[in-house]
Amino acid sequence: MTSPLQQKIKVIGPIVVTANRLGDGAVVYRTFNGGWSADITHAEVVNTAAAATKMLTEAIADDVSAVGAYIAPVMLSPEGAPLPGNLREHIRMNGPTVAVPTEIGI
Amino acid sequence: MPLVKNGQITHDQFVFVSDESPISDSGPVVVSAARFLTDPESLLRRNANTGVLWPNNRKISELAPYLDRLGLVALVFPNFRDGRAYSQARLLRERYGYRGELRATGQILRDQFLFLLRAGFDTLDVLKEADVPAMADVLRRYSVFYQPTGDGRLTAAQARLSQHQTYSGIGR
Amino acid sequence: MYIYDDLDRKLLAERVSEFGDQVRRRLSGELTEDEFKSLRLMNGIYLQLHAYMLRVAIPYGTLSAEQMRGLAHVARRYDRGYGHFTTRQNIQFNWIKLEELPNAMADLARVGLHGMQTSGNCVRNITTDQWAGVAVDEIEDPRIWGEIVRQYTTLHPEFSFLPRKFKIAITAAKNDRAAIKVHDIGLRLYKNDAGETGFEVAAGGGLGRTPFIAKVIKPFLRKRDVLSYIEAILRVYNQYGRRDNIYKARIKILVHDLGAEAFAREVEQEWQSIKDGMLALEPAAIAAIAARFHYPRYETLIDNPIELTQARAADKSFERWFKNSTSRHKMPGYAIVTLSLKPRGEPPGDATADQMDAIADLAERYSVGEIRVGHEQNLVFPHVRQRDLPELWRALDAVNLATPNVGLVSDIIACPGLDYCSLANTRSIPVAQDLTKRLGGLEFAEKLGRLHINISGCINACGHHHVGHIGILGVEKNGEEFYQVTIGGRADEEAELGALIGPAVPESEIGDVVEDIVAAYLELRERPNELFIDTVKRVGIEPFKERTYATR
Chain A
1 MTSPLQQKIK
11 VIGPIVVTAN
21 RLGDGAVVYR
31 TFNGGWSADI
41 THAEVVNTAA
51 AATKMLTEAI
61 ADDVSAVGAY
71 IAPVMLSPEG
81 APLPGNLREH
91 IRMNGPTVAV
101 PTEIGI
Chain B
1001 MPLVKNGQIT
1011 HDQFVFVSDE
1021 SPISDSGPVV
1031 VSAARFLTDP
1041 ESLLRRNANT
1051 GVLWPNNRKI
1061 SELAPYLDRL
1071 GLVALVFPNF
1081 RDGRAYSQAR
1091 LLRERYGYRG
1101 ELRATGQILR
1111 DQFLFLLRAG
1121 FDTLDVLKEA
1131 DVPAMADVLR
1141 RYSVFYQPTG
1151 DGRLTAAQAR
1161 LSQHQTYSGI
1171 GR
Chain C
2001 MYIYDDLDRK
2011 LLAERVSEFG
2021 DQVRRRLSGE
2031 LTEDEFKSLR
2041 LMNGIYLQLH
2051 AYMLRVAIPY
2061 GTLSAEQMRG
2071 LAHVARRYDR
2081 GYGHFTTRQN
2091 IQFNWIKLEE
2101 LPNAMADLAR
2111 VGLHGMQTSG
2121 NCVRNITTDQ
2131 WAGVAVDEIE
2141 DPRIWGEIVR
2151 QYTTLHPEFS
2161 FLPRKFKIAI
2171 TAAKNDRAAI
2181 KVHDIGLRLY
2191 KNDAGETGFE
2201 VAAGGGLGRT
2211 PFIAKVIKPF
2221 LRKRDVLSYI
2231 EAILRVYNQY
2241 GRRDNIYKAR
2251 IKILVHDLGA
2261 EAFAREVEQE
2271 WQSIKDGMLA
2281 LEPAAIAAIA
2291 ARFHYPRYET
2301 LIDNPIELTQ
2311 ARAADKSFER
2321 WFKNSTSRHK
2331 MPGYAIVTLS
2341 LKPRGEPPGD
2351 ATADQMDAIA
2361 DLAERYSVGE
2371 IRVGHEQNLV
2381 FPHVRQRDLP
2391 ELWRALDAVN
2401 LATPNVGLVS
2411 DIIACPGLDY
2421 CSLANTRSIP
2431 VAQDLTKRLG
2441 GLEFAEKLGR
2451 LHINISGCIN
2461 ACGHHHVGHI
2471 GILGVEKNGE
2481 EFYQVTIGGR
2491 ADEEAELGAL
2501 IGPAVPESEI
2511 GDVVEDIVAA
2521 YLELRERPNE
2531 LFIDTVKRVG
2541 IEPFKERTYA
2551 TR
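Residue numbers (our numbering), protein chains in the order written: chain A, 1 to 106; chain B, 1001 to 1172; chain C, 2001 to 2552.
These are computed hints drawn from the structure, not numbers from a lab. From the three backbone atoms N, C-alpha and C, an ideal C-beta is built for every residue, glycine too. Please note that a few of the clues may not be correct.
Quick list of simulated restraints, FRET-style, between CB atoms [to be verified]:
(1) C:2006 to B:1024: 51 to 61 angstroms
(2) A:38 to B:1134: 46 to 56 angstroms
(3) C:2477 to A:24: 45 to 55 angstroms
(4) C:2278 to A:10: 47 to 57 angstroms
(5) A:80 to C:2446: 52 to 62 angstroms
(6) B:1097 to A:24: 30 to 40 angstroms
(7) C:2191 to B:1161: 34 to 44 angstroms
(8) C:2034 to B:1095: 25 to 35 angstroms
(9) C:2066 to A:79: 47 to 57 angstroms
(10) B:1154 to C:2196: 46 to 56 angstroms
(11) A:53 to B:1024: 46 to 56 angstroms
(12) B:1099 to C:2013: 34 to 44 angstroms
Could you put together the complete structure from these sequences and hints?
As structure tokens, then:
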């Protein structure tokens, strides 16, 4: 298994570190104080490879809290709050883009 | 890394000797496969047990001529996900009739103990000290085995057949 | 169906207890994720985009009504009220919590179900024909062999850490409904010229990044030898399969690199040493497994009873469903019924907990309590009295399970794609939904005839796009979803890989491209009953390419 740390970390634009919470798998983001939050607006946003590497290293070391940590691009709202930077991250935050069967009803 | 046999931590009497170091005539030693095959006969003539550390990408059949004189074969799990040495172990025990110590080395974790014993290993170089006391529990956990190996455990199929015979016997 | 005995139940309980202990050690931090990952995978647990996913095996595709209720219970109690049937006779739950998984597993074990070996680098769920035991074109029930191989491969001490996953499929019919040629081992039961029944063994098939059709390595294998021969294959693979590159680790690469003949020789040599050993299957051992399969006591009935013929004449909708969704049964007066999990505009292969419960009830009333799961992601009632068909149809229709589109263009096979899957590059479900809306009008779909569309959201090919008559593969380009199209693939006894017909197109155009291909087919076909796949075979891909891509 290749750890994300073994790959060269390139950072162009703002990024966050995200993972899934160990106990229930919920999508979480690395926060300023070295914790995790399910709310992306609490995520720490950095812009350099050095800062990203540091944050990712600490996040991976904390694998009893969250699993599969990696770097994800974000966009910033006019107020500066992070928002998902690509379709995958959008889906992780908001759920499937299709109605799930229980919503359709039978 | 504690060496475990029969669920107990045991003293490792073998000393691994690197390819560059000289080998004394006494005392049990383990050497690399390459060194062993360079001159097996003189190694096996020593006054003490000789063992070999066999890599998992080399044919185990090469060892066949020497097995009755080897004191130890150590097989390697570079990480627990690499299962090649399970095949080597079964071949050693079940095809080539090796009876000496068969040791699992490398990343040996609790969740592999049962598979290792079923494949024919009798000593385990256990990576985490904390896994050793769990061994008895781990080995007790399973009582049903679907497939035969050389370990002699009764398989489900054998149990069914003997049950069946017993039932029909009672029936009559 | 196979009924677990005490030993099967005990092993399952032992496995559940082991897994509970593993989860506990993981949650306490005793196990790292790296150590835990392959343990959870061997119990069918993935980490997906939104949550953990649990894959439950439906061995050789057979479920009892009670088991279906067990699945409904898990969907409701531990998930979000639905599940997804896959192309390998499994069901996946998408929103499961690791903390609750030991309980979910224990609940499943109570009905004889589990996630054992539905993932990881071990031998996966043994799959077979969803019509096993009732098909008119089979020589015997392949599930007995499915169960024998299932037991042999479950928790195998030597083969639980193979270079990569390993899939085995079995068919005993003339028409291959189990896609055996795209499996690591494909077993075909047949009768040889001497009148003896045995297996043709093919190996090295598979899709994914490097697709191959399996090659026959043993034209005839006696039944008694099936386990020893599989052991020989697995042992050769375990020792020589590549472990340095995950993309080259499947047995298909080994078979390809060595050449099928050389590979067959290696296997043969290994097999000669073990064929008369402890894996040789004695008739009593086979009989002991066969005896655990319970078959319905069929009534003496006649074909085309009055209830059926009257309903067919009276109701066009019923007639359409009857023609499309029922198949000939080996017993007179019975029918095989396919329940479409592909209602137009909805995610292929999904079923809600309420539907599962309804299916269980209907199976008890109309199918001797038995349900099957096929690789096309539909369900089957294998033992329906023909006279019950009109009633059953109305009941199925009430729960949205009677869409008469089986085998038609809207019966799309699709992986979950980027809406759920962490490996996916693009979405699959919205493409499927869009295509069924465009092409899935029943009259139009019937006019097209049999046409299989398969969609995968990435190169791993869980939607089997290589063997779709029309195959769609999602690829990501600069953060945008693009789709590549192949045509001419098929997964049956004449299995073939589709050929690429043009460059990838953006998501906004994929619907148009498929519509153009379908229009080209209508133009090119010789007669109304020449199937799409036969037209492609006859004219090649060029005319399709021209008509579809010339103006793009």
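Which hint numbers doesn't this structure obey? Of the numbered hints, 2, 3, 6, 7 and 10 do not hold.
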